[in-house]
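S.K.: Sequence:
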Amino acid sequence: MARRQPESTWPPPPREAPTCALCERAVPQLTEHHLLPRSQGRRQGLRVTDLPTTMLCGPCHKFLHRTFSNVELAREYSDLAALRTHEDVQRFVRWLRTQPATKAVRVR
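Okay, so the sequence shown: first residue is 56 according to this note's numbering, each after it adds one.
Worth flagging that the hints you see were computed from the coordinates, not collected in a lab.
Heads up, none of these hints are tricks.
Restricting the straight-line Cα-Cα distance to at most 25 Å, the calculated cross-link-like pairs of lysine to aspartate or glutamate (DMTMM-like) are: (1) Lys-117 - Asp-105; (2) Lys-117 - Asp-143; (3) Lys-158 - Asp-143; (4) Lys-117 - Glu-87; (5) Lys-158 - Glu-87; (6) Lys-117 - Glu-131.
Please work from the sequences and hints to get the whole structure.
M.R.: Dropping the structure here:
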């Protein structure tokens with residue numbers, strides 16, 4: 056009798072790309088965005104590890120920090136629902152969804 060070889064686990068199954076919390080695109084890499092900016096959270100006496108975060112794609116993350124100051128992010132846009140209601144964010148996300156996730160997007 057011949058011995059059976061165990062089934063190979065190579066190559067590993069492909070993983071699904073993570074999804075951006077703002078634009079909801081599947082992208083290869085996400086960055087951590089502090090919904091309450093670290094500078095503002097420290098002023099409130101909170102530890103950085105206790106601040107709420109979400110995972111965003113690079114273009115969304117850059118757009119938020121180029122559009123809003125940390126004070127604005129802390130006061131008015133400290134959750135995703137509030138960010139999604141802003142007209143400029145809606146326009147940017149609508150445009151970004153038409154771009155392939157592999158394309159480098161320049162944010163002004």
